[in-house]
Every structure is written in structure tokens, then in C-alpha cells.
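Enquirer: Sequence:
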Amino acid sequence: MDVMPLLLLVAGSATIAAVARRTPVPAPLLLVAVGLAVSSVPGVPDYTLDPHVVLPLLLPPLLHTAATDSSYLDLRAQLRPVALLSVGYVLFATFVVGWALYMLVPDLPLTAALVFGAVVAPPDAVAATAVARRVGLPSRITTILQGESLLNDATAITAYRVALAAAVGEGATWAGGIGEFLLAAVGGVAAGLVLMAPIHWLRTHVKEALFQNTLSLLTPFVAYAAAEQVHASGVLAVVVVALYLGHRAWEVDFATRLQEEAVWKMVAFVLESAVFALIGLQLPVVLRGLGEYEGVLAAWYAVAVFLVVVAARFVWVYPATFLPRLLSARIREREASPTWRGPFVVAWAGMRGVVSLAIAFSIPLTLHDGEEPFPHRNLILFLTFTTVIGTLVVQGLTLPPLIRLLKFPARDTQAETLAEANAQAQASRAAERRLDELLTDDRNALPARSPTGSASSWSAAATPSGNGSGRPTRSPGSPSTTPTGGCRGR
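Residue numbers (full-length UniProt numbering): 1 to 490.
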């Protein structure tokens, strides 16, 4: 992609997304519609992305932003349901959706169908968690959705690469694929654990805002590239580092944290907007490449795949919620029995988003030999686009009224308010103690700041005299040290 079309894409998508916030239309849908309209204008170039740079360019900053905003303690408390969704469900959806597409499309290889299954397997719960907080869902459900969205990308990308290796003819086997999956997961976590401590040390010991902001921007790309270099999961490395940095963010200078938050919000906003705009811009090209599958047949495939994607999540969520309770007495003793409403919301909040699009854009144009085209790549892109748009429209727009209809028990707002007030009081006391420490250090350093090197007046200002009055004394022959509006008034 040339520089000028790229600049126009970024500027235009960001502007449209900003306008969409003032309208009832969801920003992703408006971006797709405008992109589709622009692509139909004569003379507008085709926007294409290099498949080899899509994942390293788009995923690290998006994952870093989501992970630093997540609570490590909350995720640890909900580790079982998060793991069942982010690992178990993604693998289940990969096989179910892939097999369904394989049965639908006569000449589609199973490996290519599994590539598509991995592409649409990971839900993006950003919109769902925003709705959940706004309508007052129990915090446990919100945490589960957020944790799933954070960790499922690693599972989906690893499954995608295993299926892709088989599809392009690199001789992958099932046993080798399972081994690669486990090694990528363990290696990604290990890479994140190795990198997180030195990066945090630099953030807390180099007191320079420009350096810290630069380091923050580079961190996800460094973590991703380092893990990928040793054939580990770059996604998991990014998530591990970002979770640790977010958990220890209070140790970084407050002004730097404010700058970083603003910068990362801008980066995520621009990238997500550009990706959804690319759907509309690339859709005409994809439709032209469908060949025999265009028209009614393509629409039938899109509807069938959408229904399978939605149904597969329900099939997984309910057993994953209730079976552990049936099999473990410890879980029954420690956790309250869930109702049917919570799993229903979790199952319905399975909208697909920018990660599925990024993975789809990374599908290579050709097979391993570099000559034969990847089988039905345009059909896979088309079905990815329709699945993402369909889930955003059908599930995204109906989720708020569905939550209100189910009438979840009201959250204990009084207890939450008291907890928040207690936390604010503790923070205020800690701030007062820190301020006292800073003032003490400042008074001790006053003699060194004397422009003339004379410490007498500064010592008098910094410490009370021994005359019992608490007022600074005046050396013989020196002018009065009584301040006119400075030291004495502090």
C-alpha cells in the first residue's frame, strides 16, 4: 500500500469513527458502509495489505491496550471459566465451524476450512463488556468476558498457524500440530516472563517522560517479535508483559501514566477504525473474486456459517458452566450455583471483531510453492466479513435489551460505594504520607540549592532554631530572614 492511500485511510477512518460516536449507529457498521461507498467511486485504488505484516503490525498494540486495562487479580479469580472459554471454546469452535464449512463447500479442503474456523473462533468482547458495565451486569460476568477476549487470541492464532501450515503444504501432522500448539503457548508465557521485569525496571528507574512513552510504544512490538523469533506465541508474550505492567502501573510516575493512557487510546482507536474501514474497501474486490460462489450461494454460505458460529458458542458455554460443578464437590462448596441467565448472556455476547479481521487479512495469497493460489481465499475473507458484521448487528444491537429483559439481580451499589470510598480514603492517606516524605527531602536539600553557597539562611529556613520559638534565627550582621511571603507561610 502506498503512503498516500494509507494516510487517507487512517485519517478518513478516524474521522468517521469520531462522527459515529455522535450517532446511534455503531462505529464499525458506519465505517464498513462508508468504506463500501468509497470503494465504488471510479478511480479509487484497491486497498490491500501485505499478509506478512498484518499480525505483527495490528495485534501487538491492540492486545497491549486491552491487557494493561485488565485486572490481573480479577482474571486469576475467574481463571477456570476464562480458560475454558479462551482455550477450550476456541478449539471447539475452530473444529465445529471448520467442519461445517467443509461440508457446505464441495471442493474446499478440510485444512483450508479449519483455517477459516480458527479465523472466526475468537470473540472480541470489547463492545460486550462496555454494555455489561453500562447496564449493571454482575462484575463476574464482565470479568469473564474481558478475560476471554484477552487470552483467546493466542489460542486462535496458534490454531490458525497449525491449520495454515497444513493448508499451504508444509507437511504438518495432527501430532506435530498439538506439539507446536503446546510449545508456542509455553514459550510465549516464558518469553513474557523474561521480558516483563527488565522493561518494568526501565520504566521505574529512568525518570524521563519521553523515554518512558517511547518504551511503552515499543514494548508490545518487542515482546511479540522476541517470542516469534524463537517460534513461540507472540500474542501470549504481549499479554503477559502487559498484564504485569498494568498490575505494577502505580509504581510509574503519574504524569507519565496519563500520557501513556492518552497515547494508547489514540493508537487503538486509529487501528480499529482503519481495520473496519478496510472491510468496506476490500469487499468489492473480494466479491469479484468469489467466482462460482457469488450471489445467492455466497449469501447462503454466510447465513449458514453465522448460525453455526452462534450455535457452537451455546453448545459449549452451558456444559462448561455446569459440568465442573457436577464433577467437583470443591467447586460446589466454594462457589454459588449459577443460574441459566448468566451463561445465556456469555453465550450471546460472542461478537467477532478486529482480531478475526486481522487474522483473515494475514492469509497468504499463494500456497507454499508460491505459484498456486490459496484455495478459496476470497470466499474465506467474504465469510469472515459477513460473520463479523452479522454478529455486530444481530448480537451487538440486541445485547442491551436482552440483558434488561433477563432482569439480573441488582448489584449491591451501596457496598460498592463503600468499598470505593474506603479505597479513596486509603489512597488519600498514602498520598499524605508521600507528600510528607517529599517535603522532608525537600527541606533537607535546601542548603544545597543556595545560589551563593551560604547555608546559614537556608538552614534557618529548613529547621527550627534551638531558641524554642520555632522561628528562624538571624546571624549577626546578616539581613533579616523573615520572609515576605515565602518560607514562613509554608
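In short, the hints are calculated from the structure, not lab data. C-beta: ideal position from N, C-alpha, C; glycine also. Just to be clear, a hint being listed does not mean it is correct.
As the list claims (entries may be wrong) - Derived CB-CB ranges, DEER-like:
{"id": "1", "residue 1": "S40", "residue 2": "V263", "range": "45 to 55 Å"}
{"id": "2", "residue 1": "P284", "residue 2": "P51", "range": "17 to 27 Å"}
{"id": "3", "residue 1": "A225", "residue 2": "G370", "range": "22 to 32 Å"}
{"id": "4", "residue 1": "P106", "residue 2": "T398", "range": "32 to 42 Å"}
Enquirer: Would you mind marking each hint as holding or not holding in the structure?
Expert: Evaluation of the provided hints:
no.	hint	in the structure
1	S40 - V263: 45 to 55 Å	violated, 35 Å
2	P284 - P51: 17 to 27 Å	holds, 19 Å
3	A225 - G370: 22 to 32 Å	holds, 24 Å
4	P106 - T398: 32 to 42 Å	holds, 34 Å
The structure shown violates just one earlier hint, number 1.
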